[in-house]
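Peer 1: The chain contents come next:
Protein chains: 2
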Amino acid sequence: MTARTTDAADDLAAGPEAVIAASPIAAELRAELERRWSAGTDHIGDIARYALLAPGKMLRPLMLVATAESVGGDRAAVLPAALSVEYLHVASLVHDDIIDGDELRRGRPSVPAKFGVADAIVTGDALILGLFDTLAECGLPAEAVLGAVRAVAAAGVDLCRGQALEAELLRDPACPPERYRRMAALKTGALFRAACRSGAILGGGTAEQVEAATRFAERVGAAFQMRDDLLPYLADSSVTGKSADSDAGNMRPTFPVIVGHRMAGPQDRAVLVDALSGTRSPAESFALLREVLERLGAVEHAAEQAEDEIRRAHAELDALPVAEGTRLLAAVADLAIHRDR
Amino acid sequence: MTARTTDAADDLAAGPEAVIAASPIAAELRAELERRWSAGTDHIGDIARYALLAPGKMLRPLMLVATAESVGGDRAAVLPAALSVEYLHVASLVHDDIIDGDELRRGRPSVPAKFGVADAIVTGDALILGLFDTLAECGLPAEAVLGAVRAVAAAGVDLCRGQALEAELLRDPACPPERYRRMAALKTGALFRAACRSGAILGGGTAEQVEAATRFAERVGAAFQMRDDLLPYLADSSVTGKSADSDAGNMRPTFPVIVGHRMAGPQDRAVLVDALSGTRSPAESFALLREVLERLGAVEHAAEQAEDEIRRAHAELDALPVAEGTRLLAAVADLAIHRDR
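In order, the protein sequences belong to chains R and P. Numbered by the UniProt record's numbering, the letters in the first sequence go through residues 1 to 341 in order. Numbered by the UniProt record's numbering, the letters in the second sequence go through residues 1 to 341 in order.
There's no promise every hint is true.
What the hints assert, rightly or not - What follows is a list of derived Cβ distance ranges for each label pair:
(1) 139/P x 176/R: 35 to 41 Å
(2) 27/R x 141/P: 36 to 42 Å
(3) 34/P x 207/R: 32 to 38 Å
Stated by the list, open to error - To list a few chain R residues with every Cβ distance to chain P over 12 Å, as calculated:
(4) 44
(5) 45
(6) 96
(7) 132
(8) 143
(9) 147
(10) 150
(11) 264
(12) 269
(13) 282
(14) 288
(15) 314
Calculated from the structure, these hints are not laboratory results. All values reported here derive from a predicted model rather than from experimental measurement. Just so it is clear, CB atoms sit at the ideal spot from N, CA and C, and this is done for glycine as well.
Build the full structure now, drawing on both the sequences and the hints.
Peer 2: Spelled out as structure tokens, the structure:
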């Protein structure tokens with residue numbers, strides 16, 4: 001038995017959250033955020049600090065650092081790039097909370113609820129712009145840094161296109177699964193892709209390693225969105241921190257709904273359409289969906305597909321040579337489908 | 001008489017708009033925009049196209065190209081960078097129109113008025129993110145391109161900070177001129193600085209030339225904002241395309257107000273404070289300001305300061321060796337204080 005398989009067996013026993021918690025990377029990232037965003041610079045700086053230092057798992061910057069390490073890169077050299085993908089993630093949350101009118105985020109008042117829409121728009125913009133200055137700080141060959149700039153910028157545009165595509169899918173449980181997957185790849189996969197791709201580029205990975213890391217991220221991103229959609233059917237809303245009927249109330253055809261629609265006969269299909277029509281209360285819509293989807297086995301079937309994504313994600317890690325990085329990436333992949341929130 | 005001074009004399013006779021119109025750069029930029037933003041890609045693409053292809057002077061991308069040429073750079077190589085500063089400018093306008101609730105922009109419905117706030121937020125974000133991918137396309141040495149990335153990103157953050165600072169200055173005609181200048185340097189100067197600085201870097205300018213181009217841009221930016229503030233007192237609103245009393249109605253202490261407050265006695269100062277207090281109609285506020293500022297000579301005095309900025313801007317052009325570029329920059333500088341809108 002090699003050291004790597006022993007580690008893998010230990011990791012399985014400990015659970016992905018323990019593996020991630022045992023890594024010093026998250027603490028280093030948080031310390032670097034604290035150092036860079038000291039209080040009392042100016043108003044925009046204070047709002048950015050509030051948004052960035054909210055409790056969060058920092059999965060995306062963690063993945064960037066782990067991917068860089070998995071191809072032999074240096075952790076300290078890529079820290080600025082890791083922060084930059086967190087800035088993009090947080091900026092997208094701040095702007096999302098304006099669009100969705102969400103007043104709570106990570107258990108605290110959202111940025112627009114606390115500081116107003118105008119300052120929330122400007123702070124999100126400042127984070128997006130500033131992230132490229134931060135990314136460019138990485139003291140690595142300019143060609144590699146420029147490659148990371150392009151990877152993050154392109155992923156950010158994808159994220160925006162995914163948000164627009166999601167709005168187009170509303171109310172339609174008959175949405176073809178490929179269309180859902182395309183939306184999820186853009187909206188959710190983009191940031192994971194930005195993290196792993198730029199991590200592999202900055203870590204000095206070969207072209208083949210960069211592509212494997214990118215495919216890994218795409219699988220994890222897809223599973224992450226599927227799990228997000230499954231959470232209302234699997235976990236208690238007091239654990240998820242998100243109202244169970246919020247997707248149903250927003251008329252979103254989520255992954256189990258789309259899976260269920262393909263499994264259903266005409267009568268159940270009519271119920272699914274009715275539930276997303278916007279004519280019922282969120283609680284009523286969710287109860288209708290839940291009854292049909294559980295009876296058809298759509299929830300289990302959707303969960304199996306998310307697990308399949310993660311199996312395929314794990315297979316990509318074989319192309320990445322340094323075990324210290326791949327262990328952490330494997331744990332993040334497992335967390336994507338085992339988290340309760 | 002050298003060729004250059006002959007040109008300068010001709011330019012003075014023709015006027016800055018004629019010099020700019022005679023340059024093929026604006027047409028090349030517009031053709032490149034049309035080519036890149038063809039209709040019918042996706043919803044975000046269509047909105048971006050609507051915003052980008054509105055009639056506009058494209059001063060900032062023009063300045064980037066002219067600066068690159070003024071230090072011996074190649075026009076075709078910097079075109080993507082020129083577009084990227086236009087994307088930033090247009091994105092900031094789209095987000096501004098949400099913040100200010102403006103329904104008209106360049107004589108057409110604004111993006112939020114036409115497409116809604118959600119799509120306006122996402123389209124602005126996509127433009128900001130996409131600009132860095134476009135900028136990175138420039139087929140120039142990676143070190144130079146990365147320098148331009150940093151210049152544009154830092155200027156973009158400054159723009160956001162300037163918007164926040166402007167909000168802090170509201171209702172205060174006693175605002176110290178240095179504070180106003182700082183706001184204008186951030187809010188308005190930033191994009192001019194991004195254009196000229198990155199143009200000089202990408203054009204292969206020396207460190208000294210890069211700094212001279214940066215100082216030129218800062219002077220032009222300051223004068224541009226001063227002129228913007230002066231327009232309601234100088235030109236007819238049917239020409240400016242902006243309601244003459246809009247700044248007064250928004251309680252903004254503009255440049256002539258700040259200049260006038262320093263020139264005024266206690267009685268006139270009280271009138272200025274009253275006019276910006278938000279207790280009067282926009283038309284009434286503007287009439288009060290206009291009477292005081294014209295009587296004190298504050299309008300002329302403010303206009304002289306804008307002209308002084310442009311004189312100093314011209315002096316910086318001596319450091320830039322290629323006349324074809326500097327002629328155009330000189331024309332843009334003159335336009336900044338001679339335009340009516």
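Peer 1: Does each hint hold? Answer for all of them.
Peer 2: Verification of the supplied hints:
no.: 1; hint: 139/P x 176/R: 35 to 41 Å; in the structure: holds (40 Å)
no.: 2; hint: 27/R x 141/P: 36 to 42 Å; in the structure: holds (38 Å)
no.: 3; hint: 34/P x 207/R: 32 to 38 Å; in the structure: holds (34 Å)
no.: 4; hint: 44; in the structure: violated (5 Å)
no.: 5; hint: 45; in the structure: violated (8 Å)
no.: 6; hint: 96; in the structure: violated (9 Å)
no.: 7; hint: 132; in the structure: violated (4 Å)
no.: 8; hint: 143; in the structure: violated (5 Å)
no.: 9; hint: 147; in the structure: violated (8 Å)
no.: 10; hint: 150; in the structure: violated (5 Å)
no.: 11; hint: 264; in the structure: holds (30 Å)
no.: 12; hint: 269; in the structure: holds (27 Å)
no.: 13; hint: 282; in the structure: holds (20 Å)
no.: 14; hint: 288; in the structure: holds (27 Å)
no.: 15; hint: 314; in the structure: holds (30 Å)
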